[in-house]
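S.K.: Residue strings, one per chain:
Protein chains: 2
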Amino acid sequence: MAWSNEEKDKDIVISSRIRLARNVKNMPFSLLIPDFKAKMIVDMVERCLMKVNQLEKKFTMIQIDSIDKVNRKMLVEKHLTSPELGSNKYAAVFISADDEISIMVNEEDHIRIQCIKEGFQLHSTYELANMVDDVLEECIDFSFHEKFGYLTACPTNVGTGMRASVMLHLPSLTLSDQINTMVVTLGKFGLTIRGLYGEGTQALGDLYQISNQNTLGVTELETINTLHDVSKEIIKKERELRYEILNNNRVYLEDKIYRAYGVLSSARKIDTEESMKLLSLVRLGSDLDIINLDIKVVNGLMTNIQPGILADLYGEDLNTNNSDTLRAEYIRECLKTN
Amino acid sequence: MAWSNEEKDKDIVISSRIRLARNVKNMPFSLLIPDFKAKMIVDMVERCLMKVNQLEKKFTMIQIDSIDKVNRKMLVEKHLTSPELGSNKYAAVFISADDEISIMVNEEDHIRIQCIKEGFQLHSTYELANMVDDVLEECIDFSFHEKFGYLTACPTNVGTGMRASVMLHLPSLTLSDQINTMVVTLGKFGLTIRGLYGEGTQALGDLYQISNQNTLGVTELETINTLHDVSKEIIKKERELRYEILNNNRVYLEDKIYRAYGVLSSARKIDTEESMKLLSLVRLGSDLDIINLDIKVVNGLMTNIQPGILADLYGEDLNTNNSDTLRAEYIRECLKTN
Numbered sequence: 150m151a152w153s154n155e156e157k158d159k160d161i162v163i164s165s166r167i168r169l170a171r172n173v174k175n176m177p178f179s180l181l182i183p184d185f186k187a188k189m190i191v192d193m194v195e196r197c198l199m200k201v202n203q204l205e206k207k208f209t210m211i212q213i214d215s216i217d218k219v220n221r222k223m224l225v226e227k228h229l230t231s232p233e234l235g236s237n238k239y240a241a242v243f244i245s246a247d248d249e250i251s252i253m254v255n256e257e258d259h260i261r262i263q264c265i266k267e268g269f270q271l272h273s274t275y276e277l278a279n280m281v282d283d284v285l286e287e288c289i290d291f292s293f294h295e296k297f298g299y300l301t302a303c304p305t306n307v308g309t310g311m312r313a314s315v316m317l318h319l320p321s322l323t324l325s326d327q328i329n330t331m332v333v334t335l336g337k338f339g340l341t342i343r344g345l346y347g348e349g350t351q352a353l354g355d356l357y358q359i360s361n362q363n364t365l366g367v368t369e370l371e372t373i374n375t376l377h378d379v380s381k382e383i384i385k386k387e388r389e390l391r392y393e394i395l396n397n398n399r400v401y402l403e404d405k406i407y408r409a410y411g412v413l414s415s416a417r418k419i420d421t422e423e424s425m426k427l428l429s430l431v432r433l434g435s436d437l438d439i440i441n442l443d444i445k446v447v448n449g450l451m452t453n454i455q456p457g458i459l460a461d462l463y464g465e466d467l468n469t470n471n472s473d474t475l476r477a478e479y480i481r482e483c484l485k486t487n
Numbered sequence: 150m151a152w153s154n155e156e157k158d159k160d161i162v163i164s165s166r167i168r169l170a171r172n173v174k175n176m177p178f179s180l181l182i183p184d185f186k187a188k189m190i191v192d193m194v195e196r197c198l199m200k201v202n203q204l205e206k207k208f209t210m211i212q213i214d215s216i217d218k219v220n221r222k223m224l225v226e227k228h229l230t231s232p233e234l235g236s237n238k239y240a241a242v243f244i245s246a247d248d249e250i251s252i253m254v255n256e257e258d259h260i261r262i263q264c265i266k267e268g269f270q271l272h273s274t275y276e277l278a279n280m281v282d283d284v285l286e287e288c289i290d291f292s293f294h295e296k297f298g299y300l301t302a303c304p305t306n307v308g309t310g311m312r313a314s315v316m317l318h319l320p321s322l323t324l325s326d327q328i329n330t331m332v333v334t335l336g337k338f339g340l341t342i343r344g345l346y347g348e349g350t351q352a353l354g355d356l357y358q359i360s361n362q363n364t365l366g367v368t369e370l371e372t373i374n375t376l377h378d379v380s381k382e383i384i385k386k387e388r389e390l391r392y393e394i395l396n397n398n399r400v401y402l403e404d405k406i407y408r409a410y411g412v413l414s415s416a417r418k419i420d421t422e423e424s425m426k427l428l429s430l431v432r433l434g435s436d437l438d439i440i441n442l443d444i445k446v447v448n449g450l451m452t453n454i455q456p457g458i459l460a461d462l463y464g465e466d467l468n469t470n471n472s473d474t475l476r477a478e479y480i481r482e483c484l485k486t487n
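Chains as they are written, first to last, in our numbering: chain A, 150 to 487; chain B, 150 to 487.
To be clear, the hints were calculated from the coordinates, so they are not data collected in a lab. Misleading hints may appear alongside valid ones.
Identical chains share a label here; the pair holds if one copy fits it or two copies do between them.
Cross-link-like lysine-lysine pairs, in silico, DSBU-like; alpha carbons within 35 Å at most [what the hints assert, rightly or not]: (1) K386 x K207; (2) K188 x K238; (3) K227 x K266; (4) K174 x K381.
My request is simple: use the sequences and hints to build the entire structure.
M.R.: Below, the structure written as structure tokens:
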């Protein structure tokens, strides 16, 4: 395959993600769907996953209605569901045991297939999403128009119904104020950039999501190739800049990174925002071999210190004060055992 | 003796100091003294210290003219000389091997006897200064007026010629904004409060020097007793406040203290001001048993990270950039071996 030698670029790329929006033929869109039909869709997907063993993965079904606030938040923070999932009584999600596949049912669209893999693996993530799509298509007729492609609740998704994205860690480009320039360039390629938890959110921890804007008049592969090539350029630029800053301002950078590590491994109270800011520096330090710390530990921390996941880990509610104390404790423990 | 059970209160009191200003009879004051007479005074003191063995201490004489900028700064930072010593060609200082006694010659006054002891030991420090005074008086006739007492270059020192002071660490009183109120109260007792390096300097590291303002119309012992009693009250108040903050805001305080420790043991660049601020918190943490760290190590750091002492330790000049890097290295090493 053309992309078989795709590197994972884990120093900069956190994850690659594909989302496919699908709707069941001859069913009203989610906004107007009657309860019994919404339930039918959940049953369809469930039966389909049980019957077709092609994926060789075990799925767990979670009915959003049946879980508490902490668990809902946790699923969103793990990128397994969207914040929007849950307004429908029969909203549900099917999650594979390895967390690579999640299938949301009765979100904005009837079905949203989402696949996520660590590092830079756009093409293989797409392959996986494609397989899930094939499996579901064996049992379910999707709304598809000869000329327009897949029909979706929101016109911005009509066509491929695909949103491909990569999550990048860009501390050097952030530090040297180059993100705003990038926004313009990316627009020319039909790509968009945003913070950690989708549109309108701040780039906590210098984590940015780059994704395609267009779904109409392009093929899935064209979209993925563009995103892939442009991301490669950004990765290259970020990597160059990291070494440029290191070579020109080594003590400045070392100081910033070690102080961040010092605070993280000592604080008794810390909020999400400050943690992410400091973890970003420590992640950079790990990549540049300034600090002896497994980058996987930092990646894990960047996910697990989110309020919902943390509350779930400690079996607590989402009281902020307590949350800051638990977060500090959790970070200290993870850094100690590293 | 009445003050034999005087406690050292080392949790709050860094040091006790006595300074006696003396001038040689029938000699012009320092500002107008001809070189040969200034030299005569140095010789007088030297001979006197050699001859009279009553002190049982070994002295080193340093001619300020003969040492470089780093060493001059270092002596000031160690409180062994004043910043003013050095304008006269024959300015010199005699320092005892244990650094408890320093005798400045040809400063503002011909002779300034200074004694310093760790902790709260005002009375025994005064006894020591008194002994040095007696030793010198055996060989030197001091300017003394029956009615006014010791005559000094500046009228504010006439009388006892004594400045008694204690150096206090007052983080809790600072944190709760009570220093300004104290200034007024102290004034009523003829006492004054100022930062680490005398008048007009900021209270770096929450270290404050409290001393007497009056030298006329009071005896040495009255002055010391007042300073002693008022200091006792301040010490009591600071100690109460430490536990009050600890009991009411334990996590807040622990967080502040551990973060300070984290930064100090990790930074690769740190200036004097920030170091002192953080060391003050760590010193408080050591006293309150929040952090397992010998208070002597922190006291040592608070002195040794001053630019001159640090440069002297590393045999470097006073280049600031380099100084911040060395300071960070020195602090890390001291905290590591603690």
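S.K.: If you test the structure against every hint from before, which numbers come out violated?
M.R.: Hints 1 and 4 contradicted; others consistent.
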